[in-house]
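The lines below spell out each chain.
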Amino acid sequence: MSFLELKNITKRYGPLTAVGDVSLSVEKGEFVSLLGPSGCGKTTTLQMIAGFVEPSAGTIRLDGRDITRAKANSRGLGIVFQSYALFPHMTVFDNVSFGLEMQRVPKGERKPRVEEALSLVHLSPYAKRYPRELSGGQRQRVALARALVIRPPVLLLDEPLSNLDAKLREAMQFELREIQRKVGTTTVMVTHDQAEAFSISDRVVVMEAGRITQIDQPYRIYEHPETEFISRFVGKTNLLPGKVVTATGAGATVSLAGIAVPVETPGLSVGETVTLCIRPEKLHLAAPAGGLLTGRVADRFFLGSQWLYHIDGPLGTLMVVTPNDGSTPAEQGAPVGLEWSPSVVRVHRGAMAEAPDVALEVTG
Amino acid sequence: MSATLPDAAPASPGEETPERRFPTAPLFLSGPAALLFAALVLTPLFLTALLSFNQFDYATGRTGGFTLEHYLAVVTDEYYLEIFLRTFRISALATAICVVIGVPEAYILSRMSNPWRSIFLLVILAPLLVSVVVRAFGWSMLLGPEGPVNGALIALGIGRMKLLYSEGTVVVALVHVMLPFMVIPVWTSLQKLDPAVEQAALSFGASRATAIVRVVAPQVLPGILSGSLIVFGLSASAFAIPGLLGGRRLKMVATVVYDQYLSDLNWPMGAAVAVILLAANLIIMLTYHRMVEGHYRRRLG
Ligand SMILES: Nc1ncnc2c1ncn2[C@@H]1O[C@H](COP(=O)(O)OP(=O)(O)OP(=O)(O)O)[C@@H](O)[C@H]1O
Ligand SMILES: [Mg+2]
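So the protein lines, in turn, are chains E and L. All letters in the first sequence, in the order written, are residues 1 to 364 by the numbering used here. All letters in the second sequence, in the order written, are residues 1001 to 1301 by the numbering used here.
Treat the hints as calculated values from the structure; they're not laboratory data. Note that CB positions come from ideal geometry on N, CA and C, so glycine has one too. Check before you lean on any hint, since a few could be wrong.
[What the hints assert, rightly or not] Pairwise CB distance ranges, derived in the manner of DEER restraints:
1) 1025(L) with 179(E): 50 to 58 Å
2) 1234(L) with 111(E): 45 to 53 Å
3) 1213(L) with 182(E): 31 to 39 Å
4) 1213(L) with 179(E): 29 to 37 Å
5) 1078(L) with 106(E): 51 to 59 Å
[Claimed, not checked] Quick list of in silico lysine to any residue cross-link-like pairs, SDA-like style, CA-CA up to 20 Å:
6) 28(E) with 67(E)
7) 71(E) with 1208(L)
8) 7(E) with 63(E)
9) 107(E) with 127(E)
10) 7(E) with 25(E)
11) 282(E) with 321(E)
12) 128(E) with 1214(L)
13) 243(E) with 348(E)
14) 107(E) with 1214(L)
15) 71(E) with 1195(L)
16) 236(E) with 300(E)
17) 71(E) with 1214(L)
18) 28(E) with 3(E)
19) 71(E) with 1108(L)
20) 1192(L) with 133(E)
21) 1162(L) with 1146(L)
22) 71(E) with 1209(L)
23) 1192(L) with 1107(L)
24) 1192(L) with 132(E)
25) 1192(L) with 82(E)
26) 243(E) with 270(E)
27) 1192(L) with 130(E)
28) 1192(L) with 52(E)
29) 71(E) with 1112(L)
30) 1192(L) with 1113(L)
31) 71(E) with 1216(L)
32) 1192(L) with 88(E)
33) 71(E) with 1213(L)
34) 71(E) with 5(E)
35) 71(E) with 1212(L)
36) 1162(L) with 1149(L)
Construct all of the structure, not just a fragment, from the sequences and the given hints.
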């Protein structure tokens, strides 16, 4: 029996289905992230767990109790809202202290706890300020402190770190994970930053247009995306349309614009239209004419720890990422060979969907 | 809640700001409104103030010269003092009742979903489309000795009661007329609230009542403040309602001014009373404004 369980949750706004038939079980102490593009229903799902949006259908159970219709103020959850929702007429201190006051924590005990929460988010010097006197990132941290201080059994975080700079964000992610491990808080976090979802979650839930498309551990989502949409939304990817030319029990050969490529996916049939998906870091540069393909460096970008190449070849432009090992990179315009191992090629059945650019832009 | 913008950074020397290119533009643009204001508000006020210092000759009805006797008369005469006290008492009471009724009304209105919200907003605003005089007559028919209210009282065996020409009636009628002026500013400030803020309070386990008192009410305080100022100011200078429902004996300041002008033809005296009403109103409203607003300026901006 899982701790938090959504069963066939649906929310309709008139003709629009914001969330459709979502089922999700979260174990006690688990950290789960909802990942998906803007408008896919992440906030709506979270709001239904919180009790601010009433599901059109389905049930929500918390610790064995049916809370689908329970009042929001009886659920005892800690929430960070996407819009922060700080109390504008209260100081930072009072904002954080409010939840403790509602829990009837004695005054003497409140003060040290609030101070502890504020120092956790590096805001101790700002206790006397009002929210409107803070920057966006500072407000966000107040919202986080306010939710953490009451030590709730379940934390619902709606993009809690979206406004922080990279360094602070990393520190906060670490803190969140620490607290979550130490206290064992069950956490559901909404994010559209896949790196964030991957680095701190036990499991990632990928949503698309109001539906869950995959629930899995971060590395499995990355390595084995179940749909073409996920492979595009999560990380960068090369998508190649092709046709199966030979198929054996354990694998197949796919023809990509006349080039035969072996794959290790079983169960394909000859003549089937498929889309191959290869991550840029799984492609390796080789000597010209030495690999499976030959191409030419169209562009190269320095990413610090890595190089990103755009290679023009018979299959169009492919992205290749190589680690920056200190050696001289391939020059722009230079001919290069490309090679990869058949085991890294993922096969999606069916033709490639339209307009891949949008999803590619979203990924970090 | 007036959103005060942070002061813009001073323009760098090379930069051409609009003010720099057209230094007279702001003056020029605010000219028409300023002219209108001067012609229609300041001039009559100034003339009234001048008039209040004129001497009045009862025998001939002529005015002229300079005297402070009207002011002295008003300040020293208990008759006037009582009228001023009554006016402010009635206005304060009407304002308080408007807050008590209007604020929850606005809150409920803001929580309604759409077809009903529009309908009820219209219901609240509709009375404004009917002349105050008509509404005052409505009340006097309703509360008169032969009116339906007394009819009901007699039928219930309580007996006929004198309802008209009392302070209570004037307050009730004022509340009826002024309520929209309280509901609208409060409703406007409620519209600006992020609903998530109230939800945040609920998520911490606050009851609905606690959330309203601790979180919603303080944020709409500026709306309540402006609503109170409008209601108080309009009530203190109300004329039709006290004139028609207060009768000959229950006078308020505006009706006294009217009497001075039109019955006694003592225009300087009427002007002096009017000027004192204006001054007293200003002082009361400014004090109230400072008290409440000063308390919340830093928090809500
Ligand atoms: N109150 C509402 N009435 C009508 N439609 C709504 C309402 N709230 C949300 N929606 C719609 O439901 C869909 C999902 O919205 P939601 O806020 O859950 O998106 P999200 O995944 O949180 O997006 P983002 O990442 O941009 O925050 C959107 O298409 C939105 O327009
Ligand atoms: Mg959202």
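(message) For a quick check of understanding: which of the numbered hints are violated here, in increasing order?
(response) none
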